[in-house]
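J.: Now for the letters of each chain:
There are 4 protein chains.
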Amino acid sequence: MNHEPEKQPKSQKLDGQEVAKHNNDSDCWVIIHGKAYDVTEFKEEHPGGKQIILKWAGKDATETYDPIHPPDTLDKFLEQSKHLGEVNMDTVQQDEAQEDPDELERQERIKRMPILEQCYNLMDFEAVARRVMKKTAWAYYSSGADDEITMRENHSAYHKIWFRPRVLVDVEKIDLSTTMLGSKVDIPFYVTATALGKLGNPEGEVILTRGARKHNVIQMIPTLASCSFDEIVDAKQGDQTQWLQLYVNKDRAITKRIVEHAEKRGCKGLFITVDAPQLGRREKDMRSKFSDVGSNVQDTGGDNVDRSQGAARAISSFIDPALSWKDIPWFLSITKMPILLKGVQRVEDVIRAIEAGVQGVVLSNHGGRQLDFARSGIEVLAEVMPVLRERGWENRIEIYVDGGVRRATDIIKALCLGATAVGIGRPFLYAMSAYGLPGVDRAMQLLKDEMEMNMRLIGCSKVEQLNPTLVDTRGLSLHSTTVPADTLGLGIYDPLVTPQEKARL
Amino acid sequence: MNHEPEKQPKSQKLDGQEVAKHNNDSDCWVIIHGKAYDVTEFKEEHPGGKQIILKWAGKDATETYDPIHPPDTLDKFLEQSKHLGEVNMDTVQQDEAQEDPDELERQERIKRMPILEQCYNLMDFEAVARRVMKKTAWAYYSSGADDEITMRENHSAYHKIWFRPRVLVDVEKIDLSTTMLGSKVDIPFYVTATALGKLGNPEGEVILTRGARKHNVIQMIPTLASCSFDEIVDAKQGDQTQWLQLYVNKDRAITKRIVEHAEKRGCKGLFITVDAPQLGRREKDMRSKFSDVGSNVQDTGGDNVDRSQGAARAISSFIDPALSWKDIPWFLSITKMPILLKGVQRVEDVIRAIEAGVQGVVLSNHGGRQLDFARSGIEVLAEVMPVLRERGWENRIEIYVDGGVRRATDIIKALCLGATAVGIGRPFLYAMSAYGLPGVDRAMQLLKDEMEMNMRLIGCSKVEQLNPTLVDTRGLSLHSTTVPADTLGLGIYDPLVTPQEKARL
Amino acid sequence: MNHEPEKQPKSQKLDGQEVAKHNNDSDCWVIIHGKAYDVTEFKEEHPGGKQIILKWAGKDATETYDPIHPPDTLDKFLEQSKHLGEVNMDTVQQDEAQEDPDELERQERIKRMPILEQCYNLMDFEAVARRVMKKTAWAYYSSGADDEITMRENHSAYHKIWFRPRVLVDVEKIDLSTTMLGSKVDIPFYVTATALGKLGNPEGEVILTRGARKHNVIQMIPTLASCSFDEIVDAKQGDQTQWLQLYVNKDRAITKRIVEHAEKRGCKGLFITVDAPQLGRREKDMRSKFSDVGSNVQDTGGDNVDRSQGAARAISSFIDPALSWKDIPWFLSITKMPILLKGVQRVEDVIRAIEAGVQGVVLSNHGGRQLDFARSGIEVLAEVMPVLRERGWENRIEIYVDGGVRRATDIIKALCLGATAVGIGRPFLYAMSAYGLPGVDRAMQLLKDEMEMNMRLIGCSKVEQLNPTLVDTRGLSLHSTTVPADTLGLGIYDPLVTPQEKARL
Amino acid sequence: MNHEPEKQPKSQKLDGQEVAKHNNDSDCWVIIHGKAYDVTEFKEEHPGGKQIILKWAGKDATETYDPIHPPDTLDKFLEQSKHLGEVNMDTVQQDEAQEDPDELERQERIKRMPILEQCYNLMDFEAVARRVMKKTAWAYYSSGADDEITMRENHSAYHKIWFRPRVLVDVEKIDLSTTMLGSKVDIPFYVTATALGKLGNPEGEVILTRGARKHNVIQMIPTLASCSFDEIVDAKQGDQTQWLQLYVNKDRAITKRIVEHAEKRGCKGLFITVDAPQLGRREKDMRSKFSDVGSNVQDTGGDNVDRSQGAARAISSFIDPALSWKDIPWFLSITKMPILLKGVQRVEDVIRAIEAGVQGVVLSNHGGRQLDFARSGIEVLAEVMPVLRERGWENRIEIYVDGGVRRATDIIKALCLGATAVGIGRPFLYAMSAYGLPGVDRAMQLLKDEMEMNMRLIGCSKVEQLNPTLVDTRGLSLHSTTVPADTLGLGIYDPLVTPQEKARL
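Protein chains in written order, with our numbering: chain A, 2 to 506; chain B, 2 to 506; chain C, 2 to 506; chain D, 2 to 506.
Accuracy of the hints is not assured; some may be wrong.
Where chains are identical, the list cannot tell them apart; a pair therefore holds if satisfied intra-copy or between any two copies.
[Stated by the list, open to error] Result set (DSSO-like, lysine-lysine): computed pairs, CA atoms no more than 30 Å apart in a straight line:
#1 Lys327 to Lys185
#2 Lys112 to Lys136
#3 Lys269 to Lys185
#4 Lys503 to Lys135
#5 Lys83 to Lys503
#6 Lys112 to Lys185
#7 Lys56 to Lys257
#8 Lys503 to Lys60
#9 Lys51 to Lys503
#10 Lys174 to Lys327
#11 Lys463 to Lys449
#12 Lys36 to Lys337
#13 Lys36 to Lys265
#14 Lys56 to Lys337
Quick caveat, the hints were computed from the structure, so don't treat them as lab data.
Just need the whole structure built from these sequences, with the hints factored in.
T.: Here it is, written out as structure tokens:
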């Protein structure tokens with residue numbers, strides 16, 4: 002704890018070669034955004050483990066640092082005495098790009114990217130993003146908990162809901178607009194909160210802000226954004242509506258400061274995440290991390306730290322696992338923003354939420370990233386609404402659903418079942434990662450086009466006409482698997498074929 | 002808008018080289034069936050977009066033009082002043098067949114086509130057609146809405162219906178004939194309306210007319226045929242029955258003219274399409290269009306027009322999305338033909354149709370080309386009939402079903418459940434595209450052979466004996482998906498195998 | 002009709018080269034088992050079509066002829082004047098084995114056949130047989146009706162039945178014996194009737210007779226055996242029990258003769274097939290036939306005969322499709338053998354069978370070879386028994402089930418549900434085709450071994466202890482298919498993987 | 002029986018070359034752990050067949066012998082006169098490693114094994130073990146009965162159970178500890194009994210003892226361990242709890258001795274296996290055995306012995322198939338250890354067990370290794386508990402479940418449904434086989450990590466809070482298979498694709 006870095010005169014930038022000497026466990030500097038920092042001590046308590054820091058000891062770590070850390074991280078967490086000042090970047094040796102063959106292949110794939118107009122639906126963006134994103138970024142966005150059963154069920158559940166469309170209804174003019182927590186929007190979806198936007202695009206979440214503006218939909222600002230909260234708010238225009246997603250800090254003073262600041266900056270809704278007392282294990286993400294440092298794994302010797310926890314867990318240690326129903330009155334006391342609970346997963350808790358006086362819930366399983374085998378939001382919605390209607394409570398709160406929405410038909414299904422609107426997360430991240438703002442723009446436009454058509458085809462000209470008689474949900478709550486395959490029997494079956502071509506001459 | 006083409010003396014044919022000069026955005030001629038047209042202005046409002054026209058600027062566009070446009074299109078939509086007169090085709094330079102490798106491969110596949118006798122069922126024609134049809138034609142015929150879930154469900158639903166056959170019934174003589182809207186037919190199916198027949202075969206829909214004649218079944222004439230309505234009617238022989246499928250025009254005068262003309266020409270039924278206020282997005286079709294013009298995509302620059310909408314949407318802009326139940330009395334007033342609503346999809350609308358006084362409905366989802374996740378016609382039928390029987394209304398209208406019929410057992414299932422007959426579309430298109438009239442003939446004959454046998458095996462000698470006790474539909478209305486696959490678990494399972502061969506010596 | 006063959010002196014064998022001259026459509030001889038026959042006229046009415054005869058015109062057709070035709074065919078169907086007498090076989094030119102590459106490969110596969118001891122279950126024999134049988138023989142045995150859904154469902158249905166085994170029961174001694182129509186057998190299965198045994202093994206059905214003898218189980222003799230009925234009866238030993246399967250001839254006198262003869266020869270049961278008024282279309286079989294004559298297909302010119310109907314339909318034209326319940330009293334009057342109806346498929350017909358006074362039924366769909374989407378016998382059994390028990394009729398007849406039995410657990414399931422025994426067909430054919438009698442022997446022994454063990458494990462020491470509480474059939478009657486696959490969604494999912502190996506050095 | 006081996010002077014070790022002479026059927030010695038044995042007579046009654054012994058005639062058989070035979074086998078089963086004394090191992094010719102190519106490949110795979118830290122869940126160990134274990138060992142561990150349907154259903158059943166998690170519960174501190182038969186443990190699972198541990202690791206079951214100690218969980222000692230019972234007990238430390246799994250010997254005196262010895266050595270529970278009156282047929286194991294001696298198969302001539310029964314059946318001939326409920330009072334009389342029945346599979350038998358006075362049951366199907374189509378333990382649990390609760394009997398016994406547990410969520414599901422704890426077998430064997438004790442350690446730690454997190458996410462801080470309202474089991478008891486695949490229909494479907502990359506330049 003008493004290692005003293007040599008101080009450089011303030012008036013003079015640090016020399017890269019000098020920095021490069023501090024490249025080991027007992028003397029470790031890194032360069033970030035052109036400034037040097039002494040992290041010799043800090044690295045021991047780095048939430049992401051010290052290995053990842055040592056990898057950059059004496060070097061410029063900006064590119065890796067950026068997406069994971071909001072801009073004010075160093076000021077918050079590293080004492081000022083360790084801020085060593087600016088570095089003359091001309092003197093910093095650039096990594097002799099000992100080119101990663103994976104990265105070279107990725108660059109090749111980027112060159113052959115389909116043009117934006119070839120994307121016809123939200124799945125298309127994911128297909129492109131998978132090919133062009135950095136492996137670790139892809140792993141962070143695309144991973145889910147455990148076996149990723151819930152993550153996949155989220156969309157799959159929509160495939161169990163079928164339509165009972167009406168015909169011969171005048172559907173010349175279609176009005177997709179609706180009102181969410183008092184804000185008028187053009188189409189009943191919102192951009193839900195997702196972390197670490199800069200992993201996919203160097204500009205980060207502000208791109209989503211601009212996309213949401215263009216299509217007049219609401220953006221929910223994530224606590225774990227790569228951009229700072231203020232950057233994202235600054236990016237909004239006019240009366241654009243933003244909400245705040247909140248991970249509650251163990252230190253309630255910090256939480257209070259965040260909430261009050263958000264209200265002051267004009268946020269129109271506070272969504273408290275309740276399904277993440279601990280951020281989930283996402284093995285795909287962990288595995289991706291591992292191979293990222295795979296080359297020097299054998300050198301780590303007796304190191305017992307589990308370096309392979311992925312990005313999410315490192316950045317979430319502040320979240321309070323003791324958050325409980327008892328905290329709700331306090332939240333109601335510190336803000337006038339409508340409060341909603343994000344991550345409710347059973348009817349008993351929806352009722353309790355109403356009794357607790359909040360204005361809404363999001364039926365969500367956190368995109369399948371927390372508890373595997375949690376049911377899809379849409380299934381929970383189908384369980385919740387009949388109970389509320391029986392009590393006459395269906396209008397006492399607004400109910401949102403997120404997870405797995407990929408088609409306008411998914412949105413329509415949720416609204417038929419009683420949701421006010423749906424949240425969409427990953428698809429916009431993928432669109433942003435692959436094509437930037439034009440990608441987000443097109444993704445939203447495709448949803449509008451799909452929804453206008455499908456409203457016509459289901460026989461409704463306004464969203465308030467959507468109702469439960471328009472859907473057939475009999476298969477929704479059945480979690481069937483089939484009996485394990487008859488391996489031998491299937492293996493010996495000689496399958497039917499269609500006519501064969503003549504042999505080539 | 003005031004660009005004036007140079008006029009050639011009427012007495013003299015245009016020279017190809019002269020036409021070829023008008024090959025750009027501001028001066029654009031095309032040749033169709035030996036005549037030149039100035040489409041400089043028209044191209045801006047071309048429903049299919051101007052790019053596709055520019056591709057043929059100064060050239061002979063006949064081959065691409067033909068299947069999409071009924072013969073009277075130019076007279077209807079291009080003012081006479083733009084009709085430039087005949088071209089001396091000897092002077093037109095033929096496209097230096099810079100042979101498309103896809104097309105060359107297709108020609109190879111055509112050479113190796115199985116002979117007709119190798120087709121043993123309706124699926125076989127589709128298998129052959131997929132290999133020998135032009136890619137864009139295949140895409141237009143084979144595509145469905147969104148994820149093509151409904152399109153596939155249509156046939157799949159029949160696989161949920163099982164038989165409870167009777168034995169020891171005298172089935173020596175089988176009579177498949179029945180009566181549909183007063184017309185006696187040999188077997189209870191009809192050729193339903195499908196658009197753009199010339200995409201599959203240069204002669205178009207008249208081939209289906211001839212096939213229907215040979216097997217004494219009814220043909221439903223499509224509004225969007227490649228042949229003109231009169232060509233198709235002219236192709237019928239003797240007392241052959243035809244029906245008319247109608248897309249209702251925003252201009253009811255046009256619609257009235259079409260209906261009155263059809264009645265005058267002897268059509269015996271008017272099927273008003275009610276499931277298509279807007280023609281569906283079919284992404285396979287859109288994607289196929291895109292790659293068709295892929296080579297010069299980068300030149301299109303700032304062009305914002307979405308060229309990739311596929312054939313269907315371009316030709317359907319006239320359809321009236323405001324069509325509603327209020328229009329039905331008017332239709333009843335303008336014709337004596339029986340009126341049926343094609344595309345009804347829930348029991349409430351069947352009841353309303355009966356109350357509205359029409360003579361029948363077709364339970365249909367438009368071959369899965371409109372609203373994805375619409376239920377199959379056969380499933381809706383199983384929902385509808387018990388309700389009608391409860392009211393004693395089962396004989397007040399004729400109920401037809403289309404979508405997914407591929408086997409005689411499918412027909413039998415529909416009749417057991419209460420349908421008068423079924424409509425079959427794509428399979429005959431595929432038979433026609435692969436083998437022309439002989440293909441259609443064989444396809445129909447195969448259905449007859451299958452049906453005669455299966456009537457015997459189910460224990461019925463006449464179609465009126467078919468009844469609900471002969472089928473087990475318990476699984477029909479269950480839209481199950483299985484839980485997302487246990488990827489890790491399945492991946493590590495070491496499957497059982499059968500005995501291995503000895504190693505080769 | 003007045004073509005006169007040159008007669009050879011009776012005392013002198015015909016010369017092969019002389020026979021070879023009669024090799025065309027208007028003059029056509031063939032050699033079978035060393036004798037020549039003039040089939041010039043007969044070929045026009047040959048049930049299998051004349052093409053297959055012309056292929057052998059002037060040549061020795063024995064090998065192809067044998068499996069399809071019972072030994073007395075020529076005497077029955079070809080008038081004596083066309084029997085030309087013996088041929089000096091030394092003078093017959095053997096086909097310059099213009100070796101079929103498929104056949105050469107098959108011979109190779111035969112050399113590498115697994116030894117018999119490598120077969121551990123009935124599926125294994127099928128796996129081997131598929132590799133070593135002639136293609137056409139395999140196609141005949143393995144094919145089913147239409148899409149072969151019922152054929153596969155037959156075994157698949159057993160996979161929907163699960164056990165509720167008892168523990169702590171003394172199962173030291175297991176007794177598998179039972180009584181079927183008064184005959185004591187060692188294990189409750191019988192060899193059911195299957196046609197054309199010589200396709201799989203040159204000795205034909207007598208191999209099954211010997212196998213059945215060794216294991217003291219009953220053989221049901223098929224009407225369409227390759228061996229004659231008497232050959233099969235002659236092959237039995239001691240008090241071995243045989244039953245007769247009967248296709249009823251349009252000419253009841255023939256049927257009567259067959260029944261009386263069977264009774265005289267000691268058959269202990271008459272199983273009248275009631276599910277085959279017409280033998281099914283089996284497309285795999287038809288397709289196999291087609292390619293068999295593929296090489297000269299183009300020469301057939303205007304020939305309109307559909308040559309590709311497969312073996313079954315050719316040999317079955319005598320079957321009476323008018324057979325009905327009215328015929329049952331007559332059958333009861335002509336024999337004292339117990340009469341059973343084979344192919345009953347719904348509870349209503351089981352009740353009618355009891356009322357008609359027969360001694361039993363076989364719940365069967367003909368191995369999935371007749372009506373596709375007929376339900377499995379085991380499913381029908383589960384429907385039938387509760388109805389019979391409600392009426393107290395469960396002991397008025399014996400109920401058998403066939404189709405899809407491959408494991409002793411399948412037998413146990415059927416007995417738990419109320420069957421007296423099960424019929425097994427194809428598995429023994431495959432065992433016989435691959436390994437002859439030792440194969441049949443081992444197949445039966447494996448079933449005994451499996452059954453003894455599984456009786457222990459379910460907690461029953463005698464077959465009469467098997468009862469419905471030992472099985473869970475809740476899933477049995479559900480004919481579910483899943484929603485069509487989410488093609489795009491599944492295609493973009495990045496599946497979880499297990500740890501990867503290090504790269505090779 | 003009167004063949005007399007030449008005796009060597011006791012004072013002098015046997016010479017390897019001398020031993021090597023006794024290498025045939027009529028004179029057969031083998032070397033095991035440095036001593037020679039005359040097995041000429043014994044081999045005829047060797048439970049595993051004599052072939053496997055003859056393979057090692059005159060040679061050192063230790064490596065093959067060890068995992069299958071507990072250390073005291075030779076003393077127990079081979080009379081002393083056949084123990085020939087020590088061999089001078091320097092004189093024994095080592096097998097000129099005519100290296101098995103499979104083994105060489107396996108050695109290669111071992112070199113490329115992932116490091117332990119790359120295993121993130123229990124499936125990962127299985128994936129690695131499959132690649133690095135000897136083929137026969139893998140086959141023995143991984144195989145199940147018949148079609149392995151039950152074996153796979155065991156885990157698959159957990160995938161039909163979904164969570165209904167609570168939110169906003171204080172889950173800061175998670176306590177996973179519970180009490181099993183009076184012993185306090187850190188987490189509610191135990192290491193269940195599995196046979197032949199040395200097949201996977203030369204040290205055998207004591208590795209599991211050490212792993213269990215480290216994580217304070219209970220180990221159930223198997224009757225068929227590779228280590229002797231005392232070796233396993235000796236390996237425990239402090240107050241570590243062990244239970245005994247018991248196969249009941251036909252000779253009850255032996256059984257009594259075993260039970261009394263176990264009690265004396267401190268075992269805290271006696272688990273009598275009741276689902277294995279005969280050890281199951283496991284075809285994967287049998288098949289693996291076969292090919293193991295495949296090279297000299299053709300030499301075996303008329304040998305009729307079925308050599309291919311796999312390891313399990315050979316070693317289990319002593320198990321008493323007559324064991325029944327009548328034996329329970331006797332067991333209660335000979336020990337004070339709690340007695341539990343392992344392998345109960347239906348509610349009727351649970352009730353009977355309570356009435357018989359035992360302290361618990363394990364709902365188990367023996368890892369799917371006995372009766373195929375036995376239901377999963379977790380499904381039986383869901384059937385059992387409501388019946389017990391109705392009677393108020395739910396606390397009269399402890400109920401355990403084993404089979405298919407791979408995730409902490411599986412453990413939580415079982416506890417929600419009423420189990421005291423779950424048994425886990427194969428996963429620890431695989432971890433041990435791949436990585437030894439560190440593997441077992443990490444596997445257990447992973448379960449703890451998973452469970453702590455998932456307790457938080459389901460909203461419970463202690464295991465006693467787990468209850469049935471937290472799970473949705475509606476799909477659990479449905480044994481659905483889907484209708485056999487629509488082979489032709491699926492084969493001709495042209496699947497949707499996502500945007501294609503541009504061609505490479």
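J.: Can you name, in rising order, the numbers of the hints this structure does not satisfy?
T.: 1, 5, 6, 7, 12, 13 and 14
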